[in-house]
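K.L.:
Listed below are the residues making up each chain.
There are 2 protein chains.
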Amino acid sequence: MKNESFISGMVTDIKCLGKITFLTVSHGAETFNIVATHDQAVGYNKLKNLKNNDYITINTNQQNGEIYTKEIVGVEKNNKGTIPESSNAKNYAILLNQIRSYFFDNNFFEVRLPSIHPGNNKGDIFEIDFFGKKARLSSSNALYSTVMAANMGKVYSIQRCYRAEPSKTSKHLSEFDMLEVSFLGQCFEDLICELSNFISDVFNRVNKLIPDQIKALPFEEIPVVSYADLNCKYGLLNKGLGKHEREIAKNGPTTVIHFPSKISTWSALPIDDNYTYSLNFLAPGVGEVAEGCLRDTRESFLRYKFAKLDLCDQLNWYVDLNPLPNIKILSFGLGIERLAMWLFGITNIRSLNCFYRDKNISETMKYGK
Amino acid sequence: MKNESFISGMVTDIKCLGKITFLTVSHGAETFNIVATHDQAVGYNKLKNLKNNDYITINTNQQNGEIYTKEIVGVEKNNKGTIPESSNAKNYAILLNQIRSYFFDNNFFEVRLPSIHPGNNKGDIFEIDFFGKKARLSSSNALYSTVMAANMGKVYSIQRCYRAEPSKTSKHLSEFDMLEVSFLGQCFEDLICELSNFISDVFNRVNKLIPDQIKALPFEEIPVVSYADLNCKYGLLNKGLGKHEREIAKNGPTTVIHFPSKISTWSALPIDDNYTYSLNFLAPGVGEVAEGCLRDTRESFLRYKFAKLDLCDQLNWYVDLNPLPNIKILSFGLGIERLAMWLFGITNIRSLNCFYRDKNISETMKYGK
Numbered sequence: 001m002k003n004e005s006f007i008s009g010m011v012t013d014i015k016c017l018g019k020i021t022f023l024t025v026s027h028g029a030e031t032f033n034i035v036a037t038h039d040q041a042v043g044y045n046k047l048k049n050l051k052n053n054d055y056i057t058i059n060t061n062q063q064n065g066e067i068y069t070k071e072i073v074g075v076e077k078n079n080k081g082t083i084p085e086s087s088n089a090k091n092y093a094i095l096l097n098q099i100r101s102y103f104f105d106n107n108f109f110e111v112r113l114p115s116i117h118p119g120n121n122k123g124d125i126f127e128i129d130f131f132g133k134k135a136r137l138s139s140s141n142a143l144y145s146t147v148m149a150a151n152m153g154k155v156y157s158i159q160r161c162y163r164a165e166p167s168k169t170s171k172h173l174s175e176f177d178m179l180e181v182s183f184l185g186q187c188f189e190d191l192i193c194e195l196s197n198f199i200s201d202v203f204n205r206v207n208k209l210i211p212d213q214i215k216a217l218p219f220e221e222i223p224v225v226s227y228a229d230l231n232c233k234y235g236l237l238n239k240g241l242g243k244h245e246r247e248i249a250k251n252g253p254t255t256v257i258h259f260p261s262k263i264s265t266w267s268a269l270p271i272d273d274n275y276t277y278s279l280n281f282l283a284p285g286v287g288e289v290a291e292g293c294l295r296d297t298r299e300s301f302l303r304y305k306f307a308k309l310d311l312c313d314q315l316n317w318y319v320d321l322n323p324l325p326n327i328k329i330l331s332f333g334l335g336i337e338r339l340a341m342w343l344f345g346i347t348n349i350r351s352l353n354c355f356y357r358d359k360n361i362s363e364t365m366k367y368g369k
Numbered sequence: 001m002k003n004e005s006f007i008s009g010m011v012t013d014i015k016c017l018g019k020i021t022f023l024t025v026s027h028g029a030e031t032f033n034i035v036a037t038h039d040q041a042v043g044y045n046k047l048k049n050l051k052n053n054d055y056i057t058i059n060t061n062q063q064n065g066e067i068y069t070k071e072i073v074g075v076e077k078n079n080k081g082t083i084p085e086s087s088n089a090k091n092y093a094i095l096l097n098q099i100r101s102y103f104f105d106n107n108f109f110e111v112r113l114p115s116i117h118p119g120n121n122k123g124d125i126f127e128i129d130f131f132g133k134k135a136r137l138s139s140s141n142a143l144y145s146t147v148m149a150a151n152m153g154k155v156y157s158i159q160r161c162y163r164a165e166p167s168k169t170s171k172h173l174s175e176f177d178m179l180e181v182s183f184l185g186q187c188f189e190d191l192i193c194e195l196s197n198f199i200s201d202v203f204n205r206v207n208k209l210i211p212d213q214i215k216a217l218p219f220e221e222i223p224v225v226s227y228a229d230l231n232c233k234y235g236l237l238n239k240g241l242g243k244h245e246r247e248i249a250k251n252g253p254t255t256v257i258h259f260p261s262k263i264s265t266w267s268a269l270p271i272d273d274n275y276t277y278s279l280n281f282l283a284p285g286v287g288e289v290a291e292g293c294l295r296d297t298r299e300s301f302l303r304y305k306f307a308k309l310d311l312c313d314q315l316n317w318y319v320d321l322n323p324l325p326n327i328k329i330l331s332f333g334l335g336i337e338r339l340a341m342w343l344f345g346i347t348n349i350r351s352l353n354c355f356y357r358d359k360n361i362s363e364t365m366k367y368g369k
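In order, the protein sequences belong to chains F and G. Here the first sequence is numbered in this note's numbering, starting from 1 and rising by one per residue. Here the second sequence is numbered in this note's numbering, starting from 1 and rising by one per residue.
Chain F on its own, in the form it takes in the complex (with noise of 0.2 Å):
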C-alpha cells in the first residue's frame, strides 16, 4: 500500500461501535481497513448513516500498519446500490489476468486479430458494408489465429466474436470473449495436452487467489474419450453431442476427440475417411467450453478447396501466409464466459456482464426508460 494520506473509495464493510468506528474501504482492486475514532476523527459524525457502496474520501495518519482517521473529507451517498453483476465482473477481471498469465508464463505471444472479415457469406452472421465491400463480424479468428502461429510459433488473443444468432439460452450470446490458442506441434497429443494443462493450470491459479468463489470441484486429470465410443454408448449418428454433453461431463471436465468428417470444421486434418484430429473440451454444467484440431494445411487440398467453393479471393491469403505447409499447428478456441460459469459456478451467462448481448442490447433494454 502506498503511503498517501488520502484514501477515497466505495465502502464495502462498517461497523460501528459508538465511539469507534471500523471502515473497509475499497478502491479498484485495494482495500483498506481504517480505524476512526470519535476523539480523534474530525467530522466523525459525517459517519452517521453510512452504508456499503457509499463513497468516502479520509484523510488518513498511518503508524504500525494500522489506518487511522485524521478527517472525514467528504462522503457521497449511493442511492441505487451498484450493478448486480459488478461482482462477476471481478472474479472475471482476475480469470482473464490468470489466463494471459499462463499464456506469459508459457512463452505465447499475445496477437490481436481483426474482427472485421472479408466476404459474408454465411448465415449466423452480422454483415458490414465495408466502403462497399462485402464483409462480417468475427465467427472465430481460428485462421487468423492459425497463420500467426505459423510464422511466431506460439500464439494467443483474447477478442470479442459475433453468432447472429437470436438465441434465448442461459449459454449463448452473440457477442462474447474468444480465447483463440495456436502453436507449432508434433502430433495431436499436444494438442490435448496443452489444453488439459492450461485448464488444470488456470483452476489452479484462481482457486489459489479466490478460493472462496471457486464452485467448480476439485479434479485430478481431464478424461480424454473418443466419439467413436461415445457413439456407442448413445447413439450419436454422426451428430453433435448435443444433449448428451452434460451427462458426458457430469463426474468433471472431459475431453471428447476425434469427431467425424461430416461435423467437423474443414480447417481439421482428417485421419481417414470417417474422423478428424479434433476435440472439444467439456464442462459440468455448462457443456461445450473449447473445441479445437490439427489444422489441415495441405497446400494443394485447400487451393482445390477454395477454387471449387468459389472462396480463393476470399481465403488464399491463408494458403499464401502459412510459410511452413508441412508442420503441424494446433488450434482450439474457448469461450471465456462459459468457462466462468463452469468456474463460478454462474447459471446464466447474462449475470457475467451487465452490457451483454444475446437477441437485445441489454443497456437500452434494461435500464433508462
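Note that these hints are calculated values from the structure, not bench results. Any given hint could be a false lead.
Note: identical chains are not told apart, hence a pair may lie in one copy or across any two.
[What the hints assert, rightly or not] Okay, derived cross-link-like pairs now, DSBU-like style, lysine-lysine, Cα gap no bigger than 30 Å in a straight line:
hint: 1; residue 1: Lys366; residue 2: Lys328
hint: 2; residue 1: Lys328; residue 2: Lys80
hint: 3; residue 1: Lys305; residue 2: Lys77
hint: 4; residue 1: Lys122; residue 2: Lys134
hint: 5; residue 1: Lys80; residue 2: Lys359
hint: 6; residue 1: Lys134; residue 2: Lys168
hint: 7; residue 1: Lys171; residue 2: Lys359
hint: 8; residue 1: Lys51; residue 2: Lys328
hint: 9; residue 1: Lys168; residue 2: Lys328
hint: 10; residue 1: Lys77; residue 2: Lys328
hint: 11; residue 1: Lys308; residue 2: Lys328
hint: 12; residue 1: Lys215; residue 2: Lys305
hint: 13; residue 1: Lys359; residue 2: Lys133
hint: 14; residue 1: Lys70; residue 2: Lys15
hint: 15; residue 1: Lys359; residue 2: Lys134
hint: 16; residue 1: Lys239; residue 2: Lys308
hint: 17; residue 1: Lys80; residue 2: Lys168
hint: 18; residue 1: Lys133; residue 2: Lys122
hint: 19; residue 1: Lys90; residue 2: Lys328
hint: 20; residue 1: Lys239; residue 2: Lys262
hint: 21; residue 1: Lys70; residue 2: Lys51
hint: 22; residue 1: Lys233; residue 2: Lys243
hint: 23; residue 1: Lys243; residue 2: Lys77
hint: 24; residue 1: Lys359; residue 2: Lys305
hint: 25; residue 1: Lys19; residue 2: Lys305
hint: 26; residue 1: Lys134; residue 2: Lys366
hint: 27; residue 1: Lys359; residue 2: Lys122
hint: 28; residue 1: Lys366; residue 2: Lys305
hint: 29; residue 1: Lys122; residue 2: Lys305
Assemble chain G onto chain F, guided by the hints.
P.N.:
Chain G in isolation, oriented as in the chain F frame:
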C-alpha cells in the same frame, strides 16, 4: 527452461564452422542456444543449407546449462520467409503485456465492454442490423468505461474500436486497439497525473525488457500546456491542434489541457462557458495518442441534453447506471498502435500488424492473388 529433450522451433541464427554448428532456435517467446557436432549429432548433415526461419526438431542432451544435439529429427524448409510484420508484432505483444501489468499493479480491474452499440445516428460509424434494431460498431467505449468506474472504482479495457473513415494517412486505421481507462478521483489533476504515470511507467517497463527496440527518446517529466496558451502562440481559433501537434510535441511527449467547449466531447465537464476539463496527450513524431476528460455526470444536465437530442432511448442508461452522480470520474482513451509507433519508431501504422483495415482489408488486397 524446461528439462525437455525435444526442442522444436524456428531457426533464428545459425553459424556453421564445419564440424561444429551453433544454432539459435525460437519457439514462441522462448529461445534456445544449441550446439551440434559432427561426431555426436545423428543426422548432422541435415543442417546443411539450413537457413533462418526454417523449422527444426532436435533431440537434445542438456548438461551444465549447455544444450547439445543428440539427433536432428526433422527439418522443414521455409521458402517464403515469415510475415514481415512479425517482428513488430512481437514488440507489440510485449507492450500489451506491460500495459496490463501496469494496471494490475495499480489495482485497476480489466473490464470487457460491448462493441455493438445501440443507435447509428453518426457519420463515421459502421452500421449493423442487430436483429432488426439499428446498431453500430463502437467508435469509443468511453461511456461504458465511465459507468464501470462508477461501480468498480478503477477500470481499464483494451478492445477493438472502429472508425468508418476511408483515410489513407500513416496513422489512421478503421479498426484499432483502444485502451480505455476510468477511475474515481478528486479532481482533474488526478487525470493528468495518472496519464503521466502510466506513460512514464510503461516507457520504463518496455525499455527495461527490450531496450534495443525502443526508439523514443528518454524523457523526465511530461510538460503540461494549456490550449489557451497554444492559442496565443499558433492562433488556433478554437479549432483542433491539427498540423501543430507535431510542433508542440517536437521536444518530447506533451499534455495539452483545457480545450474549448466547441471542440470537446459533450461528456466533458465545463470549466466555464469557454473551456472544459479535457486533455490530449501528444507524442513526438506521431501527434495525438490519447484524449481524456473529467466527465460531466450532472444528472439533470445529461437528461436535459439527451431529451433535446432525442437520444433518451439510446443513452439514458448512462445516467441510470451511475450510482454516484456527484463523484468525479476521470477517463482517458488511448490508441495503442499510436503509442507503439512512438515507442518503437514506426512511421506507418500498417507495419504493426499483417492484418490491418484502412479502407481496404489487407490480407485479401495483398495476398491470395
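K.L.:
Output the indices of the hints that this structure fails to meet, ascending.
P.N.:
9, 12, 23 and 25
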